[in-house]
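Colleague: Here is what each chain is made of, one letter per residue.
Number of protein chains: 2
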Amino acid sequence: MLSEFSLIDRFFARRAAAGSRRLKEGELGIGDDCALLAPRPREMMAISTDMLVEGRHFFPDIDPHALGHKALAVNLSDLAAMGAQPQGFTLAFALPEAREDWLSAFSDGLFELAERYGCDLIGGDTTAGPLNLCITVFGSVPPQLALRRDAAQPGDDIWISGTLGDARAGLGVIRGEWSAEQEDAATFRRALERPEPRVELGLALRGIAHAALDISDGLAGDLLHILERSQLTARVDADAVPRSDALRRLPADVQRRCTLAGGDDYELCFTAPATARAAVEEAGHKVNLPLTRVGTISVLEPSANGPAIHWHDAAGAPLTLTLQGFDHFHAD
Amino acid sequence: MLSEFSLIDRFFARRAAAGSRRLKEGELGIGDDCALLAPRPREMMAISTDMLVEGRHFFPDIDPHALGHKALAVNLSDLAAMGAQPQGFTLAFALPEAREDWLSAFSDGLFELAERYGCDLIGGDTTAGPLNLCITVFGSVPPQLALRRDAAQPGDDIWISGTLGDARAGLGVIRGEWSAEQEDAATFRRALERPEPRVELGLALRGIAHAALDISDGLAGDLLHILERSQLTARVDADAVPRSDALRRLPADVQRRCTLAGGDDYELCFTAPATARAAVEEAGHKVNLPLTRVGTISVLEPSANGPAIHWHDAAGAPLTLTLQGFDHFHAD
Numbered sequence: 020m021l022s023e024f025s026l027i028d029r030f031f032a033r034r035a036a037a038g039s040r041r042l043k044e045g046e047l048g049i050g051d052d053c054a055l056l057a058p059r060p061r062e063m064m065a066i067s068t069d070m071l072v073e074g075r076h077f078f079p080d081i082d083p084h085a086l087g088h089k090a091l092a093v094n095l096s097d098l099a100a101m102g103a104q105p106q107g108f109t110l111a112f113a114l115p116e117a118r119e120d121w122l123s124a125f126s127d128g129l130f131e132l133a134e135r136y137g138c139d140l141i142g143g144d145t146t147a148g149p150l151n152l153c154i155t156v157f158g159s160v161p162p163q164l165a166l167r168r169d170a171a172q173p174g175d176d177i178w179i180s181g182t183l184g185d186a187r188a189g190l191g192v193i194r195g196e197w198s199a200e201q202e203d204a205a206t207f208r209r210a211l212e213r214p215e216p217r218v219e220l221g222l223a224l225r226g227i228a229h230a231a232l233d234i235s236d237g238l239a240g241d242l243l244h245i246l247e248r249s250q251l252t253a254r255v256d257a258d259a260v261p262r263s264d265a266l267r268r269l270p271a272d273v274q275r276r277c278t279l280a281g282g283d284d285y286e287l288c289f290t291a292p293a294t295a296r297a298a299v300e301e302a303g304h305k306v307n308l309p310l311t312r313v314g315t316i317s318v319l320e321p322s323a324n325g326p327a328i329h330w331h332d333a334a335g336a337p338l339t340l341t342l343q344g345f346d347h348f349h350a351d
Numbered sequence: 020m021l022s023e024f025s026l027i028d029r030f031f032a033r034r035a036a037a038g039s040r041r042l043k044e045g046e047l048g049i050g051d052d053c054a055l056l057a058p059r060p061r062e063m064m065a066i067s068t069d070m071l072v073e074g075r076h077f078f079p080d081i082d083p084h085a086l087g088h089k090a091l092a093v094n095l096s097d098l099a100a101m102g103a104q105p106q107g108f109t110l111a112f113a114l115p116e117a118r119e120d121w122l123s124a125f126s127d128g129l130f131e132l133a134e135r136y137g138c139d140l141i142g143g144d145t146t147a148g149p150l151n152l153c154i155t156v157f158g159s160v161p162p163q164l165a166l167r168r169d170a171a172q173p174g175d176d177i178w179i180s181g182t183l184g185d186a187r188a189g190l191g192v193i194r195g196e197w198s199a200e201q202e203d204a205a206t207f208r209r210a211l212e213r214p215e216p217r218v219e220l221g222l223a224l225r226g227i228a229h230a231a232l233d234i235s236d237g238l239a240g241d242l243l244h245i246l247e248r249s250q251l252t253a254r255v256d257a258d259a260v261p262r263s264d265a266l267r268r269l270p271a272d273v274q275r276r277c278t279l280a281g282g283d284d285y286e287l288c289f290t291a292p293a294t295a296r297a298a299v300e301e302a303g304h305k306v307n308l309p310l311t312r313v314g315t316i317s318v319l320e321p322s323a324n325g326p327a328i329h330w331h332d333a334a335g336a337p338l339t340l341t342l343q344g345f346d347h348f349h350a351d
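Residue numbers (my numbering), protein chains in the order written: chain D, 20 to 351; chain C, 20 to 351.
Careful, some of the hints might be misleading.
Far from chain D, by Cβ distances over 12 Å, these chain C residues were calculated [claimed, not checked]:
{"no.": "1", "residue": "Ala37"}
{"no.": "2", "residue": "Ala57"}
{"no.": "3", "residue": "Ala85"}
{"no.": "4", "residue": "Asp97"}
{"no.": "5", "residue": "Arg135"}
{"no.": "6", "residue": "Ile193"}
{"no.": "7", "residue": "Gly226"}
{"no.": "8", "residue": "Arg262"}
{"no.": "9", "residue": "Thr294"}
{"no.": "10", "residue": "Arg296"}
{"no.": "11", "residue": "Leu308"}
{"no.": "12", "residue": "Ala327"}
Covered by chain D, per the in silico footprint, the following chain C stretches (three or more residues, Cβ under 8 Å) [stated by the list, open to error]:
{"no.": "13", "stretch": "108-117"}
{"no.": "14", "stretch": "150-158"}
Quick caveat, the hints were computed from the structure, so don't treat them as lab data. The C-beta atom is built at its ideal place from N, Cα and C for all residues, glycine as well.
Generate coordinates for the entire structure from the input sequences, incorporating the hints supplied.
Modeller: Written as structure tokens, this is what we have:
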């Protein structure tokens, strides 16, 4: 086994140094006590951190290339949800053993995604321990254009990017909760292991969307965060929530569970005024991503028992759902 | 057991919100997809991340209050080593179970230190898993005044703050490698569990010191990082390296091992021109911390086998030391 320093140098520091050609005057990448980074002029730094644990966020047998991709993707997704331009990230991880083949594939998956978004590895830490990955990501955004959770307005449409539920469907196949044809199962597994952060969409929605977040814990739980922060309520057509053809081949109750309460999708849920519908659709075309309108935001009546989502089906009949978001200290 | 959201809200989010009174116009604390933070005008953001794992960086029976302190202290120490003013931090952690008493003490230790430095919790992530703490810390520094590792100059003095070796001595007592009187053992254990980040010193050394770093892995290994990044060599008096009275009561070979190769001290090692000696001593007085001159930096002769530390004793006789820094993939 190579020493920590040799491995880190080989698989991370050298590649980070190659990326550091993008650093601006005065900025500093990996190798010092701190990195030095600045947001763009008149912008702020958007910062998010996510920790991934084996058995909780990925299975022990996950392809390390996919894991490298996913660890960064879930963080870039938070920048996307804020409308921020990715700039850099730090990577801290604990490994039971420093295996070359594992680190090689993991770092390939990580840097391939980082390169696509011009996002430099600027610092890190490694240690021995049960497998754990912690990435903190940095982007730049003008604060007045940031897509905040507390900025929804009464009358806003509620939009969803892409399709929801495939990642949860993949988890269910692996767990044996339901089964799927081989091709559909591969689609689901890909959604679970290689989510695509919607960075371009977040940027395209600056000045158009009011509030946004990424759907990591399930639409029902995540949309509620917007409602709570904005002190508003919502009406959502459960049958309008977009889903893949593969998911449509699973039973209707499974579809509903996966689309409304499934985590790990990393699509964006955002609100925008009805007057901006054409602009939203243009943003979707620009980034080549279907955007679907699923509901509306309204004022929170003083008599209401706090912010809530009022679900209905395609015919307009109310639905009573007891779906919960993905609470990490409970079984899903 | 309370749910994750209740616990996080109670012990972290509410206290973070209290700290967010310090946020400037446009900045955003905990509760959105990203925090928004800006360095001071004409400054850059200094960023560092550290991961702490049970059994590796702390013992399972550590007082959770001390752990909360140490997890943030080791990160603030990286800001100190850069001469940066602390602004905020993110906290990601994995816990085997969410115990109220543990979280209460841990968050107390964390926030007491954060308050002392006006450093706000701006984001985080929690999950179930083997105990793991990952903090990423943010500070502000003018890039031209940052204390970089690559900025040492031939002729510079080498300085050490405080005393070295107590933390390693404490580890040795716990491991049974050596023994100490009860009072000395308590001194060592305190050094190990409650290191003090030298933030004020780092700020006071702006414009005075050339290069700096914090001693986390042992002086021998850490000083070598400065030499490698600056492509220089050093001559150090091993007997001049400052140590506590408690450490002086241990055998001479243990003193040497602890002062030169012991990790977890978090004192600063920095270089400054000989013309700045009075300014360095004034900085030490200002922050009430003894500073000790232990050696000098010199040019790297083309015939030399790379940067190295040439150790000698108080009489000037050369010493051959085979001490290694703290490599996390090897036994210490």
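Colleague: Next step is simple, just say for each hint if it's right about the structure.
Modeller: Okay, the hints, checked on the actual structure:
No Cβ of chain D comes within 12 Å of the Cβ of alanine 37 of chain C; the nearest lies about 18 Å off, and the non-interface call holds. The beta carbon of alanine 57 of chain C sits about 5 Å from the closest Cβ of chain D, which is not more than 12 Å, so the claim that it is off the interface is violated. Annotated as non-interface, alanine 85 of chain C keeps its C-beta farther than 12 Å from every C-beta of chain D; the closest such distance is 19 Å. Distance to chain D contradicts aspartate 97 of chain C as a non-interface residue, since its nearest Cβ pair spans about 4 Å, not more than 12 Å.
Non-interface call for arginine 135 of chain C relative to chain D: holds, since the shortest CB-CB distance, roughly 19 Å, exceeds 12 Å. Consistency note on isoleucine 193 of chain C: stated as away from chain D, and its beta-carbon is indeed over 12 Å from all of that chain's, at 19 Å minimum. With 12 Å as the threshold on Cβ separation, the claim that glycine 226 of chain C sits away from chain D holds: the shortest Cβ distance comes to roughly 16 Å. Every CB of chain D lies more than 12 Å from the CB of arginine 262 of chain C, the least distance being 23 Å, so the non-interface label holds.
Under the 12 Å C-beta cut-off, the non-interface status given to threonine 294 of chain C relative to chain D holds; the minimum distance is some 25 Å. The Cβ of arginine 296 of chain C lies farther than 12 Å from every Cβ of chain D, with a closest approach of about 24 Å, so its non-interface assignment holds. For leucine 308 of chain C, the condition that its CB be more than 12 Å from all CB atoms of chain D holds, with the nearest at approximately 18 Å. Listed as outside the interface, alanine 327 of chain C is consistent with that label: its C-beta sits roughly 16 Å from the nearest C-beta of chain D, beyond the 12 Å cut-off.
With a cut-off of 8 Å between beta carbons, the stretch 108-117 of chain C has 6 residues touching chain D; three or more are needed, and the interface restraint holds. Only residues whose C-beta sits within less than 8 Å of a C-beta in chain D count toward coverage, and the stretch 150-158 of chain C has 5 of them, enough to reach three; the restraint holds.
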